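Peer 1: Respectively, the protein sequence lines represent chains Y and V.
For the first sequence, the numbering used here assigns the number 1 to the initial residue and increments by one for each residue that follows.
For the second sequence, the numbering used here assigns the number 287 to the initial residue and increments by one for each residue that follows.
Bear in mind the hints are in silico, worked out from the structure with no lab data behind them.
Misleading hints may appear alongside valid ones.
[What the hints assert, rightly or not] In the EDC-like style, the derived pairs of lysine to aspartate or glutamate whose C-alpha atoms are separated by at most 16 Å in a straight line are:
1) Y:LYS19 x V:GLU498
2) Y:LYS20 x V:GLU531
3) V:LYS565 x V:GLU616
4) V:LYS501 x V:GLU518
[Unchecked claim] Example chain Y residues on the side facing chain V (calculated, C-beta under 8 Å, incomplete):
5) LYS49
6) ASP51
7) PRO65
8) ASP69
9) THR72
10) MET73
11) HIS74
12) ALA82
13) MET89
14) ASN111
15) HIS112
16) TYR268
17) ILE271
18) GLN276
[To be verified] Pairwise CB distance ranges (calculated):
19) V:PRO507 x Y:THR235: 57 to 65 Å
20) Y:ARG270 x V:ARG551: 40 to 48 Å
21) V:ASP540 x Y:PHE21: 17 to 25 Å
22) V:SER555 x Y:CYS26: 38 to 46 Å
23) V:GLY429 x Y:CYS26: 24 to 32 Å
24) Y:SER8 x V:ARG532: 18 to 26 Å
25) V:PRO507 x Y:GLN277: 47 to 55 Å
Since we're looking at a predicted model, the values are computed, not measured.
Just so you know, even glycine gets a beta-carbon here, dropped at the ideal spot from N, CA and C.
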Amino acid sequence: MRRQRRESRVHERYLRHSKKFPNIWCAGCGIGIVLGAIIRAVDGLQLDKDDVAMISGIGCTGRMPVYVDFNTMHTTHGRALAFATGLKMVRPEMKVIVVMGDGDALAIGGNHFIHAARRNIGLTAIVVNNLTYGMTGGQYSPTTPIGALATTAPYGHIEQPFPIAELAVAAGAAFVARSTVYHVRELEKYIARAINVEGFAVVEAVSYCHTTLGRLNRWGTAPEMMRRLKENSVTLKQAESMSEEEKRGKIVRGIFVEQEIPEYTRLYDRIIERAQQRTSLQVETA
Amino acid sequence: MTTGRIAKELSPASGVLMQGDEACAEGAIAAGCRFFAGYPITPATEIAEALARRLPQVGGKFIQMEDEIASIAAVIGASVGGAKAMTATSGPGFSLMQENIGYAAMAEIPCVIVDVQRLGPSTGRPTSPSQGDVMQARWGTHGDHPIIVLAPSSVRETFDLTVQAFNFSERYRTPVILLMDEVIGHMRERVILPDPNTIERVERASTTVPPEWYKPFENFPADVPPLVPFGEGYRYHITGLHHDERGYPTARLDEIQPWLERIFRKIESSLSDILLYNKDGIEDAETLVIAYGAAARSARHAVELARERGRKVGFLKLKTLWPFAEEVVEHAAARLHHVVVPEMNLGQLALEVERVVGRHKVRRVNRADGEMIQPAEILAAIEDWELAR
Ligand SMILES: Cc1ncc(C[n+]2csc(CCOP(=O)(O)OP(=O)(O)O)c2C)c(N)n1
Ligand code: SF4
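In isolation and in its complexed conformation, chain Y is listed as follows (with noise of 0.2 Å):
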């Protein structure tokens, strides 16, 4: 009771006064678990907030940074790395944390993912993965599940989803983390690291959608579907001593990769010296 009132005080500092609420989410739905995750995160490493800014795509989890009193950017569909691409580049001491939809990260957006994790810019990316297009309705996303209903796939979904945070590590990401929004102290603690990390981050929060994806499969209510997320999932130390068949279907929680490799924005500072060095050179000598 204590903590839960203690917390509560955390997130008003947090959050917009100016800004109406409530907000638009679904009562249920795990997005706002992924916001207070963030915010206590950002509470927990002491940054000040003048120094963190929020930015996000389109769709439903791309609404989250209006609710937040960080520098806060809702951008273009699938775009939001690419946004936060230019102001981390210009901006390099700026925490810039990117939060995107499933679909936003992986399908109008996915080659800004892969590319933005391959130049390993100092961004933390959090996927909220709740397996479909939310905002649009419960359309199929690249991580809907084989044989799933999904409004576009009336007869059920034929497709393979991505494993989005195996993808972020083949990509290159410097730190790659999946929990679920079960599992919110976890979560958080992830979100804290990959804040840290100084290349790419992601975090992929799995969540679910119980108004659009979950009422079309019948997966029940939100409460049904949290408790789905707990018990569907196991920890990468778990899954090591499982067999591929009895990993299928679980998701797998855990650090995937932690590792140091040069920034971009600090590799681009050598740029710039090498530049200059070279121009004073050739003045020198012209």
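We have chain Y already, so just place chain V with the ligands on it with the hints.
Peer 2: Structure of chain V with the ligands alone, referenced to chain Y:
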């Protein structure tokens, strides 16, 4: 071109042989541009190459993004961070950028987009010139929005209008499109660039109000509210949704309408600053030629040839294509029955001229096969009308 050469050759006296694309890059540096994001495409690649070299020399940053959508997005992000920022592309890439150009118009983020036009549609002919993107530059993104579009017709003018594009974008908090074409982009001319100290550079308006009073989209008293970069203590929200004065999404008509009126007013009330053109011999003219970009070079030649033959021909070269210089054109053509509009497309700006002066007065001269329009073609149109009288 090495910097050593730049340092020497940019001295005002000697002049330098320079390509239009290079002049664009140098104009950007001179205007204070410190961020460029782009994706290679003929005939605009040289701008990116020049800036990859030049920007870090002046402490600026260059990045080659994964596509043009990402490029314009990064440019807007950098501008929100406080840098003067630019991207450069050609038709196919310009098409990809349209959604985010609308975002920049909606969120009122200054930025410069260079489109070095090539023959379209689609991949068209990458190395052939065209003026086919005039209407796309105006209406390419969805929804009603104002835009400023400038078109240079020489290498030196490319330098000047690039500086001007940045100045307009910062002064009016708007995307500005520099509409070049393959001829201007790839052509080399000997130019004498201005002394950097004499170049007018407009900086974005800032504010002294306390952060909690700051309204980044305020409608009054000024038409262009100050834009404070992210990271400087003024935490606010930017969105492509219709928004209130603080930037928060709104569905209220009494908030959408005043905003819409303001973003048009900020351009329309400043036409005397924004409309750039040259006119010559208009007063006693019997025929008027209106041209822009590469076609203006042939047009100027045709006008001179016609004058040598004793004809009274006025010449209006438009450097600002959008907003369209309605009153200037109307005034110049008022007494005349003949207006010749040569374009390297099938008639785009001619539509505007026709709207203003009347369709029966306008003689279009068009070429959309990827070849430079010839003075002889324009001369023939001038004389045709003369004879028809
Ligand atoms: C270019 C473009 N295409 C399509 C849309 C419509 N649209 C809005 S949100 C959305 C999908 C959102 O799904 P996701 O990114 O998974 O986020 P969620 O709403 O589930 O959080 C789509 C397709 C758009 N706004 N812009
Ligand atoms: S539609 Fe789904 S994702 Fe969107 S707010 Fe509702 S529950 Fe959440």
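Peer 1: Which of the numbered hints above does this structure break?
Peer 2: none
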